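Chains as they are written, first to last, in our numbering: chain A, 1 to 124; chain B, 125 to 248; chain C, 249 to 372; chain D, 373 to 496; chain E, 497 to 620; chain F, 621 to 744.
Hints were generated in silico from the structure; no laboratory data involved.
None of these values were measured; they are calculated from a predicted model.
The beta carbon of each residue, even a glycine, is placed where N, CA and C say it ideally should be.
A few of these clues could be false.
[Said to hold, decoys possible] Chain D side only, calculated, beta carbon under 10 Å to chain E, not exhaustive: (1) 403; (2) 442; (3) 446; (4) 474; (5) 475; (6) 476; (7) 477; (8) 478; (9) 480; (10) 488.
[Unchecked claim] Derived contacts from chain C toward chain F, CB cut-off under 7 Å, selection only: (11) 265; (12) 268; (13) 275; (14) 277; (15) 282; (16) 321.
What follows is the residue order along each chain.
There are 6 protein chains.
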Amino acid sequence: MDDELLAKGRDIQGQLWPQVGSGPTGAFPAAKLAPDFYRYVAESAFGMLWSRPGLAIRDRSLVTVAQLAALGKNDELKAHLRGARNLGITQDELVEVLMQTAIYAGVPAANAALAVAAEVFEVD
Amino acid sequence: MDDELLAKGRDIQGQLWPQVGSGPTGAFPAAKLAPDFYRYVAESAFGMLWSRPGLAIRDRSLVTVAQLAALGKNDELKAHLRGARNLGITQDELVEVLMQTAIYAGVPAANAALAVAAEVFEVD
Amino acid sequence: MDDELLAKGRDIQGQLWPQVGSGPTGAFPAAKLAPDFYRYVAESAFGMLWSRPGLAIRDRSLVTVAQLAALGKNDELKAHLRGARNLGITQDELVEVLMQTAIYAGVPAANAALAVAAEVFEVD
Amino acid sequence: MDDELLAKGRDIQGQLWPQVGSGPTGAFPAAKLAPDFYRYVAESAFGMLWSRPGLAIRDRSLVTVAQLAALGKNDELKAHLRGARNLGITQDELVEVLMQTAIYAGVPAANAALAVAAEVFEVD
Amino acid sequence: MDDELLAKGRDIQGQLWPQVGSGPTGAFPAAKLAPDFYRYVAESAFGMLWSRPGLAIRDRSLVTVAQLAALGKNDELKAHLRGARNLGITQDELVEVLMQTAIYAGVPAANAALAVAAEVFEVD
Amino acid sequence: MDDELLAKGRDIQGQLWPQVGSGPTGAFPAAKLAPDFYRYVAESAFGMLWSRPGLAIRDRSLVTVAQLAALGKNDELKAHLRGARNLGITQDELVEVLMQTAIYAGVPAANAALAVAAEVFEVD
Chain A
1 MDDELLAKGR
11 DIQGQLWPQV
21 GSGPTGAFPA
31 AKLAPDFYRY
41 VAESAFGMLW
51 SRPGLAIRDR
61 SLVTVAQLAA
71 LGKNDELKAH
81 LRGARNLGIT
91 QDELVEVLMQ
101 TAIYAGVPAA
111 NAALAVAAEV
121 FEVD
Chain B
125 MDDELLAKGR
135 DIQGQLWPQV
145 GSGPTGAFPA
155 AKLAPDFYRY
165 VAESAFGMLW
175 SRPGLAIRDR
185 SLVTVAQLAA
195 LGKNDELKAH
205 LRGARNLGIT
215 QDELVEVLMQ
225 TAIYAGVPAA
235 NAALAVAAEV
245 FEVD
Chain C
249 MDDELLAKGR
259 DIQGQLWPQV
269 GSGPTGAFPA
279 AKLAPDFYRY
289 VAESAFGMLW
299 SRPGLAIRDR
309 SLVTVAQLAA
319 LGKNDELKAH
329 LRGARNLGIT
339 QDELVEVLMQ
349 TAIYAGVPAA
359 NAALAVAAEV
369 FEVD
Chain D
373 MDDELLAKGR
383 DIQGQLWPQV
393 GSGPTGAFPA
403 AKLAPDFYRY
413 VAESAFGMLW
423 SRPGLAIRDR
433 SLVTVAQLAA
443 LGKNDELKAH
453 LRGARNLGIT
463 QDELVEVLMQ
473 TAIYAGVPAA
483 NAALAVAAEV
493 FEVD
Chain E
497 MDDELLAKGR
507 DIQGQLWPQV
517 GSGPTGAFPA
527 AKLAPDFYRY
537 VAESAFGMLW
547 SRPGLAIRDR
557 SLVTVAQLAA
567 LGKNDELKAH
577 LRGARNLGIT
587 QDELVEVLMQ
597 TAIYAGVPAA
607 NAALAVAAEV
617 FEVD
Chain F
621 MDDELLAKGR
631 DIQGQLWPQV
641 GSGPTGAFPA
651 AKLAPDFYRY
661 VAESAFGMLW
671 SRPGLAIRDR
681 SLVTVAQLAA
691 LGKNDELKAH
701 LRGARNLGIT
711 QDELVEVLMQ
721 TAIYAGVPAA
731 NAALAVAAEV
741 FEVD
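Use the sequences and the hints to build the structure in full.
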C-alpha cells in the first residue's frame, strides 16, 4: 500500500462525493469483508488513473456514467450520477447521455439507467 | 418527432399490450424524467422496425423474448413475456425458448429468465 | 456418454446442416483437442434440448440466430444462419431478425451480425 | 432423460450443497414451471461435466465462482460461494478471487460480488 | 422513412466523418444486404438522438467512444475514434478515456481498445 | 508511479511468462501509444493484486483463464493459457476449465476458447 497514491485517490473521491468527505467510508458489509479492496480502488482507480492530468475530471465523470449505463452496472451508476452532479454536469446532460446509450447498448440498458436516474434525481 | 411513426409504433405496442392501450403511459418515474425517450422508442423501435412487413409479429415477439433472456434484461423480459402471450404464443413455447437459452447464454441466464417467467405466469 | 442422446442430437444437427451429414465432424483443431466436448454438445444441447417437442425446430433456429446476434457470437452465428436457411427460413426473415437486434442489443451488434449475414448470403 | 447421468449429477450437487441433500429440490417457482430444466441441469452440467475426472472438484468450484462473479450472475454466485465453502475453500481464498475479478471484469463486477459474499459470509 | 430525419442524421454523420460526406455510403456488403438498416440508423440514431441540442456533439462523441470500448465493439470504435478526432478531441484525451476503461470494464477491454487506437492513430 | 509496486508486478509477470523476462516489453503498438497504461497494469493488477499472499499463484492463474474464457476476451486468454502452462497447470486441466465454461457462459464461449487453446497447444 502506498500513502501517496491513497491521498491522490481520496482527493478525487472527495471532489466526486464531498458529502462523504473521501469516498466509501468502510462502514458497509463488503468493506468490512475486504477492506484492502476499497483501499486498492482508491489507490489504483482514483489515485493512478482518475488523477492523471490528460483529461478533465468533468469528462472522466461523463464517460464513467456512460460506461456504467452501457454495462448495466446500475448500483455504481447511481453513485456516479451523484458524482457527476457534484462536478457541475447538468441533469439534462446526463439524461441525454443515458438516452443515447440506447444506440450502442440497446433500449433495455437505457431504460434501466433512466430508472436509476429518476431515483437519483428524485423524479416520481 | 413524427406523428405518423408514432401512430405506427403505438399500433404495434397496442397489439403486444392491449391492456394498456398503447404501451407505456408515461406515468412511471423514468418517463417523467425523459418523456422524449419513450416517444423515441415508440417511433423508432416500434414504428420503424417492429412494424416492417418482412417478419411476422409473432416471430418478432419470440426473438425478442429470446434476446432479452440471453442478455439478462429481466425487467424488459417480463413485459415481453406478457406481450408474447397476448400475441398467442403459448406458455409451453416460451418455457422452451427460455430453457434453450442455457445453451447459448449459459445456465444462469436461463435460470433467471425462468424465475421471471414463473412470476409472469403466476406459478408459485 | 449416451448413444441414444447422441443419435437424437445427430438427427437435429443433420436437419440444420445436411451438407455435413451430422454436424461437426471432429476434423477441426478444437475438436481434436477436446473431442468429448463436441460429443457433449451433440448429446446435451441437441439431444436433450433442441429435440424436445414443445417448440418447432424452425422457431428454435430463429431464436438461436437472434440470441447469437445479440451476444455477438458471430462465428456461431454464421453456422446458424446457414442452418436457418436449410430449415426454410427466408433470407428476408433473417435480415429482419438481425435489424431488430439493434433495439435490444444496440446498433453495433446488429451491424456485425449483418456483416456476417452478407458473407453467408454471398452479398458483396 | 437418463437415470445414470442424474445419479452422477446428484452426487456432485450433494458434495456442493450437502444441506439440501442433492441440490435444487424442485420446490421453487421456476422448478415448478420447468421441472425438466432442473433435471437437464443435473444431468448435463453436473452429470456430464462436473463429474469428469480431469480436474479436481475444488478447482471446478473455484473457477465457477470466478466466472459467475465476472459475468455478474450474482444469484448463482451466492449458491456457489456456499458450495465452495462446503468443499473446503477458505473465505480468504474466495475474497482474493473476487478482488482479482476487478482486473478482468472491472471494479463494479468485483464490488457486486463482494457484496454478495458479505451476505453469504454474514459480515455486516 | 422520413426525409427530414434523414437530413438531420446525415448532417451529424457529415460532422463526424467529413471525408465520406455523409456517413456510410451503402457500398459495403451489409449495406447491400440491408439498405433499410443503414437508413434506419441515420434517421433514428443520428437524426433523432445525436441531433438533440441538450448535449454538445463533442461530448456525445466522447461518451460513444467510451461505451464502444467498454462493450468491446471494436470495429465501431475504430470509426468513432476517427469521428472524435474530426470533432477536435485530442489523441491524448482519447487515450485517457481508453485507459480509464480498465476500471469499469476490465483490463482486457482497455487493451483491445488501445490496440484499435494504435491502428487508427498510426502508431506502430 | 511506484518502483516497488512495479518490481512486485514484474516478478509475477516473470513467473507467468519467463520467456519474455518480465511481461509485455513495450514493443507493440498499443504500448507505444500508451506506455503508462502498461506500467499501470504491472503496478496495479500484478503488483497490488496478483502478488497478494492469500491465494496461490496457480489458483490465480486458473481463475484468470476461466474468467477470460467466460468473458470472450480471447487475445488475453491466449497469453494466460501460456502463463498457466508455465506455472505447471496441465493441458488437460485447462481443457476441462474451458469445457465447463459452456455451463456458465454458454457453448459459443467454450467453443471459441477451445479454438484459442488448440492454437496455443499447437493441435491442428
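Hint check:
Given the 10 Å rule on beta carbons, the hint for residue 403 (chain D) is violated: about 34 Å separates it from the nearest Cβ of chain E. Because the beta carbon of residue 442 (chain D) sits about 8 Å from the nearest beta carbon in chain E, less than 10 Å, this interface hint is met. Interface restraint check: residue 446 (chain D) against chain E, minimum CB-CB distance 17 Å, threshold 10 Å, status violated. For residue 474 (chain D), the shortest C-beta to C-beta distance to chain E is roughly 8 Å, which falls under 10 Å, so the interface hint holds.
Annotation: interface hint on residue 475 (chain D) holds; nearest CB of chain E at approximately 5 Å, less than 10 Å. Nearest Cβ of chain E to the Cβ of residue 476 (chain D): about 5 Å, under the 10 Å cut. The hint holds. With 10 Å as the threshold, the beta carbon of residue 477 (chain D) comes within range of chain E, its nearest partner Cβ sitting at about 5 Å, so the hint holds. Interface restraint check for residue 478 (chain D): the shortest CB-CB distance to chain E comes to about 5 Å, inside 10 Å, so the restraint holds.
Nearest Cβ of chain E to the Cβ of residue 480 (chain D): about 6 Å, under the 10 Å cut. The hint holds. Interface restraint check: residue 488 (chain D) against chain E, minimum CB-CB distance 18 Å, threshold 10 Å, status violated. Of the supplied interface hints, the one on residue 265 (chain C) is violated, with its beta-carbon coming no nearer than about 15 Å to a beta-carbon of chain F, more than 7 Å. Against a cut-off of 7 Å between C-beta atoms, the interface hint on residue 268 (chain C) is violated, since the closest Cβ of chain F lies about 16 Å away.
Look at residue 275 (chain C): its Cβ only gets to about 10 Å from chain F, farther than 7 Å, so that hint breaks. The closest approach between the C-beta of residue 277 (chain C) and any C-beta of chain F is roughly 4 Å, which is under the 7 Å cut-off, so the hint is satisfied. At about 5 Å, the closest approach between the beta carbon of residue 282 (chain C) and any beta carbon in chain F falls short of 7 Å, and the interface hint on this residue holds. About 4 Å separates the beta-carbon of residue 321 (chain C) from the nearest beta-carbon of chain F, less than 7 Å, and the hint is met.
Hint compliance for this structure: hints 1, 3, 10, 11, 12, 13 are broken, all remaining hints hold.
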